[in-house]
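A.B. asks: Kindly produce the complete structure, drawing on both the sequences and the hints.
Here is how the chains run, residue by residue.
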Amino acid sequence: MTRFSTVTCLLLISTLLFLTIASTGAAETVMIEIQDGSIASMTPPELLQNRDYQITVKVTKQGNPVQAAKVELSSSGGIVTIVGDSSATTGSDGVALLKTKFDGGGTVTLRLDGNKVDQLFIYYESIPPLAAGLVGVVLVLLVASLGYLVYTGPLRWYLEEHARK
Amino acid sequence: MQSINYFLKQEHRSAKVLAGVTQPVVRETFRSRFGFLAAMLAYPSGMGTMTIVAFQAILWGGGSFWIWFFLSYLLIAFPVIIADSVFGLSTRKANPLAWRKISGNKTIFEYFGWVVPIGNWIWNPTMLVVFGIYLDYFLNAWQGARFWTTNPGGFFWGTYLMTFRPILFGLVLLFFVWLISYKSVNAWARIVLWLKPLAIAMCVILIAWNVIYNPQFWQGWAFTFNFRPTNLLFPMIAVQAALWVWWRCSVGAGPATVFASYLPRGGDITDCVTIGCLADMLIIFAAGLFLPSMLVGVKIPPLYGGATGLVFSGLPKMFNALGGTGLILAMLWFIIFIPAGIPSIVVYQEQFGACLQDKLGWTRTKTHSLLCIIAALLIVVYGLPIYDAVNGESFGFTLIFTQWYWWSIYAGICILVELIMLFKYFKPRRVVEIANESSAIKLPMSFRYIYYVSFVLVAFMVAFMFAATSGLVPGLPSASTGTMLADGTGYYGLTPIGIAIMLIQLIPVVLIPLFFIRRR
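Residue numbers (this note's numbering), protein chains in the order written: chain A, 1 to 165; chain B, 1001 to 1520.
Hints listed in this document are in silico derivations from the structure and should not be mistaken for laboratory results.
We put the beta carbon where it would ideally sit given N, CA and C, even for glycine.
Incorrect hints may appear among the rest.
Unchecked claim - Capping the alpha-carbon separation at 27 angstroms, the derived lysine-lysine pairs in DSSO-like fashion look like this:
hint : chain 1 : residue 1 : chain 2 : residue 2
1    : B       : K1366     : B       : K1101
2    : A       : K116      : B       : K1317
3    : A       : K58       : B       : K1299
4    : B       : K1299     : B       : K1317
5    : A       : K116      : B       : K1299
6    : B       : K1299     : A       : K99
7    : B       : K1299     : A       : K101
Claimed, not checked - Calculated Cβ distances over 12 angstroms to all of chain B for the following chain A residues:
hint : residue
8    : T8
9    : M31
10   : G37
11   : G91
12   : N115
C.D. replies: So, in structure tokens, the structure goes:
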């Protein structure tokens, strides 16, 4: 029994270790290049929610790296929240690193020293059940209630008036 | 000839005086039950709310905003519109005199009964300027970027508003408003009955296009409708959503009173009001199903705080990105204002006109012609192509925006006044009884308790809004609350410019009722 427990524990620990290492290794790299205050390139061009990202932001001005510039990410639309680093400062090579994840979709504003550079889309991987549910429920309720009311009201009035004539 | 007419008039008047008979003014009546239905379909409408609610949802919690929007509609706007209608049906008067009669001749209630109809009517020339621009953009949509350029925002705010075109097209539309209003209430009812269904049909076409041709359509839906349930408890989301409902419905002495006073025998209040409200919710929801998705589809961030920037800057940018298809969609979009927006203009014209006719005994033609002349002058003011460097637009537009923003504040206060009058003098139970007498669908007696819920909600929301914009709510800096009192731009808020412009808007709304209530 004791041996069985030990084996189970070891298996659990190794699984956890594997998952931790695997998830760390799975962080996707994003390269953003800011030239003279605006985004010159971004690879990949699209960011998805619930993915671990290592965002490398390279800031240059007239071709020279900018040191000690503050790079910030802040939520600006939708229900996105930033889990992990939301700001970093560039080093002597003009590069700032942010390890982050976006919990939810929407738009995120990228700022450099407080000035807005651009908006980044954080896309959903698939339509979230709450959004689909809300759209479906509201549509069904509105259309069904309207249909019923038109039937009991205007349609009947029309038929009554038509019959009278 | 003139002297004969004068003599005949004198003779007629003398005959009435001699006979000691006061000729009763015959009140107009809808020719059928469809008249009130047409009015209720036309009343909650307009382009601003239709376009911007989905974008406000993106800024304020997605689906949580929508849930509060519908709740505010059902718990505040719908019961108050039912009460407005019952007031009209039972008094056969327009708002000010109806309120006076209900309150047992209290002038304070007549005063508030004037505030909303005047405010609604002043909204008309502001909207006619904007609809004039819609019309101009529709006529030029076939040119696309050749008209609104590749930088539509810069063109609209910097170039287009510095022309007299908004005034010109606004005056053209005003002429049509006069044409369908001056003769009879039945003339316009026959036209507007079909407009809301037409607007919904046009929205369905745009949704279908979006779903078929835009592979990213569901991303837009996710942006607009996804939510975290915990956000439902965030008061600012509820307040923001409710503000749009008040603004949309102009409740608190709303036009339903006037239209119910025209109700023929057997007219159905509950059915018509419910259809009107549901159709309006449907069209706003439908706009949420295609507008943000279309922007996301061409990678334009769907972040707009106001409808004007969205319609004349964001959407043309999107139409440009779509190429030839964009031109067809642009034509469809810019003409939608006729079925979706113009009916509300006619409704508010009718409401204020009926108030004046009741109080002053003027004829319909005289009242509507005079109102249109004043509206024409206001269109010139609101369309003034003088550059306002502080706000980066025309000075006329600064006035328009301020008028809109302050209006929602008055509306909130007027709802509270109306509910106080209802509780003290009319009683919610009577509202349900009278509505049920004239309706096929019967409201349960428990419906009367919704009025207490409405009162608590509106009182809380107005108080919260003032507290938040005064910086009294922890974690909410006043300038970033984004409410209609202070959105950080400086000219809506309690700033010297904001207060000065507010006073310009306040003069007609606050002082004109004082003039009217003194007249017997």
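A.B. asks: Are any of the numbered hints broken by this structure? If so, which, sorted upward?
C.D. replies: none
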